[in-house]
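Residue numbers (this note's numbering), protein chains in the order written: chain A, 197 to 300; chain B, 197 to 300; chain C, 197 to 300; chain D, 145 to 477; chain E, 145 to 477; chain F, 145 to 477.
Incorrect hints may have been included.
Below, computed lysine-lysine pairings styled on DSSO-like, alpha-carbon distance capped at 27 Å [stated by the list, open to error]:
no.	chain 1	residue 1	chain 2	residue 2
1	C	K237	F	K176
2	B	K202	A	K199
3	A	K203	B	K242
4	A	K199	C	K199
5	D	K183	E	K356
6	C	K237	F	K382
7	F	K172	D	K183
8	F	K176	D	K183
9	C	K202	B	K203
10	E	K319	A	K278
11	F	K233	C	K278
12	F	K183	E	K356
13	D	K176	E	K319
14	A	K278	C	K203
15	C	K199	A	K202
16	D	K183	C	K242
Anything over 10 Å on all C-beta distances counts as not near chain F; from chain E, calculated [said to hold, decoys possible]:
no.	residue
17	I149
18	G205
19	I206
20	V210
21	L263
22	L321
23	H322
24	L326
25	E345
26	F387
27	I393
28	I410
29	I462
30	V463
31	Y470
32	K477
If you anchor each label on the Cβ, the simulated ranges turn out as follows [claimed, not checked]:
no.	chain 1	residue 1	chain 2	residue 2	range
33	A	D294	F	A390	48 to 58 Å
34	D	L219	E	D349	34 to 44 Å
35	D	I218	F	C401	50 to 60 Å
Hints in this document: simulated from the structure, not taken from any laboratory.
Glycine is no exception: its CB is placed at the ideal position from the N, C-alpha and C atoms.
Residues per chain, in single letters:
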Amino acid sequence: MIKHRKKVEIVTDSAEIETVIELLDEIGVSGYTVIRDVIGKGGRGKRTGDEITDLLKNSYIMVICNDIEAHRIIEAITPIRKRFGGIFIVSDVVIITDNPPDNR
Amino acid sequence: MIKHRKKVEIVTDSAEIETVIELLDEIGVSGYTVIRDVIGKGGRGKRTGDEITDLLKNSYIMVICNDIEAHRIIEAITPIRKRFGGIFIVSDVVIITDNPPDNR
Amino acid sequence: MIKHRKKVEIVTDSAEIETVIELLDEIGVSGYTVIRDVIGKGGRGKRTGDEITDLLKNSYIMVICNDIEAHRIIEAITPIRKRFGGIFIVSDVVIITDNPPDNR
Amino acid sequence: MNTSIIIDNLLHPPVLFFFLGMIASFCKSDLKIPEPLPKLFSLYLLFAIGFHGGVELHKTGINHAVLVTLGAAILMAAIIPVYAFFILKIKLDAANAAAIAATYGSISAVTFITAITFLETSGMESGGYMVAALALMESPAIVIGIVLYKLFDKQVNKDESSASEPELHGFSWFKVLHEAFLNGSVLLITGSLFIGLVSGEKGWDTLSPFAKDIFKGMLSFFLLDMGIIAAKRIGDVKNTGIFLPAFSIIIPVVNACIGISIAKLIGLNMADALVFSVLCASASYIAVPAAMRMSIPDANPRLYIPMALAITLPFNSIVGIPLYFYLITLFWK
Amino acid sequence: MNTSIIIDNLLHPPVLFFFLGMIASFCKSDLKIPEPLPKLFSLYLLFAIGFHGGVELHKTGINHAVLVTLGAAILMAAIIPVYAFFILKIKLDAANAAAIAATYGSISAVTFITAITFLETSGMESGGYMVAALALMESPAIVIGIVLYKLFDKQVNKDESSASEPELHGFSWFKVLHEAFLNGSVLLITGSLFIGLVSGEKGWDTLSPFAKDIFKGMLSFFLLDMGIIAAKRIGDVKNTGIFLPAFSIIIPVVNACIGISIAKLIGLNMADALVFSVLCASASYIAVPAAMRMSIPDANPRLYIPMALAITLPFNSIVGIPLYFYLITLFWK
Amino acid sequence: MNTSIIIDNLLHPPVLFFFLGMIASFCKSDLKIPEPLPKLFSLYLLFAIGFHGGVELHKTGINHAVLVTLGAAILMAAIIPVYAFFILKIKLDAANAAAIAATYGSISAVTFITAITFLETSGMESGGYMVAALALMESPAIVIGIVLYKLFDKQVNKDESSASEPELHGFSWFKVLHEAFLNGSVLLITGSLFIGLVSGEKGWDTLSPFAKDIFKGMLSFFLLDMGIIAAKRIGDVKNTGIFLPAFSIIIPVVNACIGISIAKLIGLNMADALVFSVLCASASYIAVPAAMRMSIPDANPRLYIPMALAITLPFNSIVGIPLYFYLITLFWK
Ligand SMILES: Nc1ncnc2c1ncn2[C@@H]1O[C@H](COP(=O)(O)O)[C@@H](O)[C@H]1O
Ligand SMILES: Nc1ncnc2c1ncn2[C@@H]1O[C@H](COP(=O)(O)O)[C@@H](O)[C@H]1O
Ligand SMILES: Nc1ncnc2c1ncn2[C@@H]1O[C@H](COP(=O)(O)O)[C@@H](O)[C@H]1O
Ligand code: NA
Ligand code: NA
Ligand code: NA
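Required output: the full structure, derived from the provided sequences and hints.
What follows is the structure, encoded as structure tokens:
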């Protein structure tokens with residue numbers, strides 16, 4: 197079965213990831229995938245990680261969700277983006293699904 | 197040269213990645229990219245990795261392929277998804293290409 | 197505020213990443229995100245990393261940019277792709293933005 | 145029973161680092177040992193235990209008594225999962241019962257080390273062949289667990305599975321045996337044992353500063369990480385009622401008692417008897433979970449991992465070992 | 145002042161590895177210690193320092209003199225950020241001033257180790273309780289820094305912040321104190337200290353090959369990495385004018401002098417006085433930056449990290465320690 | 145030739161761990177040392193070899209004999225790639241011939257260590273300056289290889305390349321020399337050598353528990369990983385016909401023989417002669433592949449890596465070293 201969904205992608209400070217995840221849990225999205233410690237460049241300069249202080253690291257989050265959830269994510273995360281920077285991307289995808297997996 | 201392609205993205209158990217790769221090789225896709233040990237949440241709860249047992253880890257696979265291959269992937273992988281969970285995303289992309297690289 | 201953008205994704209030799217980043221900096225894109233040491237398969241066979249020599253590793257770069265920049269990236273990177281292989285993907289996304297973050 | 149033994153056991157630095165890890169986790173500190181560093185410590189421990197055991201085995205040689213002990217070890221590793229399975233089936237489905245049973249049939253290298261250290265403090269030493277017993281006890285429970293699952297799960301949903309997904313349920317014994325006997329941790333400890341056996345005391349001179357002198361330090365770091373993870377996992381069993389937590393404490397004691405009886409029967413000395421009973425009592429959180437995930441994917445790792453890691457391991461390390469030793473002193477007098 | 149002391153200090157292998165790292169970075173060599181290996185070395189150092197200090201503390205016991213020293217340590221950690229803040233406010237906004245002030249109020253474990261090694265070369269040894277001082281001096285500056293920020297930043301943009309983003313600026317003292325006192329490095333060094341204290345010389349026999357014998361080697365690797373990173377970071381401060389680089393050199397000397405005076409006042413011996421003054425002089429590049437990032441996100445990490453790491457650390461290691469020691473020899477005569 | 149020498153060489157624990165790795169790989173076990181742990185071991189080995197060599201060099205001093213040896217080493221590193229290139233050109237294009245030639249002109253630190261260990265078992269010791277020879281032999285072959293490629297590749301497709309992609313083929317000697325002489329492994333071993341030289345025996349006392357005592361253990365882990373990877377790579381050369389595998393065995397022997405002759409000529413003792421010939425015989429799988437990837441991207445890493453790693457390294461370690469030593473005993477009598 198095919199469903200149309202939004203793919204929301206966020207790259208932001210690794211230190212903010214916990215906050216973002218809490219927000220996502222509150223909104224109640226069905227899931228998300230996180231890639232830790234990606235590197236990059238943006239408005240705040242190059243962020244290539246710093247092994248000693250564990251700062252200047254980014255994380256990437258991807259959320260597949262419906263339109264309403266996407267809007268709620270954007271709203272909830274705007275203050276974080278304003279404060280800590282990062283990039284927030286939305287695109288259209290389809291997901292292949294059936295009844296939710298019944299084991300666990 | 198520009199070609200229209202499907203981008204198939206799969207997040208599933210790291211332990212299942214070998215099986216997924218075998219399936220892709222059988223189907224004969226031209227390539228794939230794997231990011232190991234991503235973390236996330238889904239129907240089976242949070243999966244933030246467990247260093248001791250090496251379980252509860254996800255991997256991400258991205259395959260750029262044509263429509264027919266995309267269908268065959270979806271079909272082939274459905275049993276795995278049913279058994280081990282995960283998320284399967286399809287979207288439209290274009291790739292920039294020319295004659296296949298001639299070195300090696 | 198919503199803006200339409202191109203998402204350019206590149207997977208290529210980790211050894212070439214520095215060159216690609218230099219090109220991006222020259223073109224003047226506003227940012228990029230890099231995931232190091234992804235693995236995969238393509239025209240040049242399986243590339244699952246080699247811990248001893250640090251070769252046979254891929255990196256993934258994602259750039260969110262406008263149409264003109266996207267074209268310039270494609271042009272600039274074509275010689276690298278011809279020489280070192282890899283895959284170059286372009287798709288349409290929207291980004292959520294407002295005035296650029298004012299801190300730092 | 146002398147409580148000073150328990151306290152001495154607790155004040156051993158590596159054990160204290162386990163508690164430090166638990167405290168860090170309970171306080172939600174961001175103290176963590178990032179991957180793959182924990183792997184470094186666990187590979188090191190397997191290497192050092194195996195190699196040391198091999199060298200010891202080189203000294204004693206492989207005689208009749210050793211072979212009897214190893215036979216008993218394999219036997220216990222095969223029997224424990226059977227009765228554990230039927231106890232667990234009272235409350236659980238076949239998949240989870242089989243996975244947990246396999247977990248308890250197999251062993252934990254860390255608990256083994258704690259027992260060895262405990263003996264050291266009391267000025268005793270177990271034979272090097274006990275490491276061979278450790279290595280031999282890792283795998284059989286995996287096979288038994290899967291057999292039990294196949295037997296008791298098939299009856300329920302035989303028709304359904306054979307119809308819809310033939311190629312996946314087309315279960316491969318080759319894969320299972322491969323995973324059971326050639327998984328990384330089994331191979332490393334067996335290989336190191338063998339290398340120790342072959343290279344003997346000359347090899348020991350070469351490697352002992354690495355394999356012995358820094359051992360307790362590496363163990364401390366590994367236990368620090370185990371403490372952090374064990375504390376995180378405790379939450380997982382908390383919501384499953386009283387059955388599983390109780391099982392995680394009672395079955396080790398039962399296994400240890402059977403182990404002690406057999407040890408007496410085959411005439412082990414006190415030190416070897418303790419180690420043998422501890423191997424019976426301990427539960428695997430490395431080799432077995434990895435194997436179960438592939439062979440019995442319907443079993444829930446959020447049950448069998450925390451039971452072994454967050455309850456049985458601390459219980460054995462703190463209360464179990466002194467208790468089993470106390471029982472042994474009673475019997476062996 | 146005897147220059148041979150400086151040279152001896154510089155020719156110590158771990159310090160030379162720091163320079164090797166810097167050279168590698170300046171030559172744009174691809175020499176690097178990939179993550180998370182630097183974490184292994186820093187965890188190890190915290191563990192070893194803490195444990196060793198604990199064992200030493202076990203020997204001396206916690207007497208009146210120890211308590212006075214620790215009190216003085218906490219006091220200094222609380223006072224330094226205050227005057228540093230007002231100096232910094234001349235040129236910087238409240239956020240950056242507070243973050244840098246906190247950085248200089250806290251301590252650097254590596255500088256501490258360099259001082260200990262310096263003493264060793266001169267045949268002296270400081271008391272184990274100085275490690276306790278080290279641990280106690282890590283956190284207070286974080287709290288003071290944040291208090292200063294709250295006091296002096298609120299006045300400026302009070303209305304704006306309370307209106308638009310209440311939940312984010314709805315600053316939580318719980319979180320701050322948690323981060324200050326339970327962050328990973330504070331907890332590991334304190335925990336190791338405590339474990340050393342509890343397990344005493346028996347524990348030391350167990351762990352010393354790990355905690356002491358290979359210490360200098362692990363330190364060398366850590367410093368190699370620090371050198372690589374410090375050299376990379378120097379560029380960040382280069383473009384900020386003369387104020388911050390000058391501050392990064394002058395304030396440590398000021399702090400050290402105050403530290404020396406207090407050390408004299410409370411009657412420390414020369415070795416302890418050196419360590420005390422070095423703690424005052426050193427700046428944090430681990431615990432504080434992590435805490436600042438979360439509590440004062442408006443402060444720029446590209447200022448406070450390189451100041452502590454690329455200027456103050458090398459300055460203290462090369463010039464500072466011999467200088468402070470020279471001053472102490474003058475005073476203590 | 146005494147076969148017991150070969151067997152002794154094989155029963156050395158680190159070598160046995162190499163075989164364990166190969167076995168694990170052939171059995172498709174999931175035993176693996178996850179990244180970046182192998183980096184930890186290889187950085188450690190470079191550090192320890194370099195530092196140890198530097199300290200030894202400090203003892204002997206840099207005299208005339210040392211300089212002659214080092215000159216001979218550089219000469220060999222420059223000549224080997226030339227004749228290797230013309231042999232390889234028979235079957236291969238310029239790119240692959242040049243890359244493989246460079247690989248065999250450079251050296252392998254692990255083979256060096258195996259030779260040192262082999263000498264130890266026979267109660268002999270080579271001079272510390274041989275480490276300097278090792279460091280000096282890493283880079284020249286890279287430069288020679290690239291020169292050969294430029295000379296013999298340009299002739300073929302001169303016009304094409306200069307037209308279409310000027311900026312990429314606009315090859316930079318600066319980059320090449322930089323990569324050749326400042327790549328991570330060259331810099332670390334040279335830097336450590338220098339630090340050892342400067343800090344002498346005092347430095348050795350400081351670092352020897354780290355740099356020497358645990359050396360064989362770290363080596364064992366590194367070789368375990370090398371075994372796993374070498375076994376995986378063997379497949380890559382299997383399909384290339386007999387030429388390359390034969391080359392990978394014959395050329396080391398040729399190089400060693402030339403090395404032995406030169407060693408005799410310049411009057412090295414037996415121990416140094418063995419090490420010198422082993423350096424000539426060994427092939428690089430770290431520094432050279434990294435440099436070739438950037439400078440001669442048209443060469444196929446799936447050829448030059450497995451040749452050096454999966455054939456020449458095991459061949460030299462098992463058969464080569466005893467063989468070369470046997471030849472030396474014949475000549476030096
Ligand atoms: N245009 C972009 N394309 C891709 N990634 C970006 C872009 N802009 C920012 N990022 C990512 O977001 C991180 C934070 O961005 P910033 O807050 O703008 O510095 C950067 O380090 C990048 O990883
Ligand atoms: N809605 C989602 N968006 C992004 N990733 C998801 C989503 N649902 C599941 N995943 C990923 O797929 C993994 C397995 O999902 P599940 O089998 O549903 O637990 C999760 O741990 C996530 O990494
Ligand atoms: N069709 C594809 N889909 C996804 N990733 C690909 C694809 N083709 C190539 N790649 C990635 O690009 C890398 C280099 O490709 P190649 O140069 O063709 O060997 C591969 O190792 C993959 O990680
Ligand atoms: Na057991
Ligand atoms: Na300070
Ligand atoms: Na050579």
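### Query
Going through the earlier hints one by one, which of them does the structure break, listed in rising order?
Violated hints: none; all satisfied.
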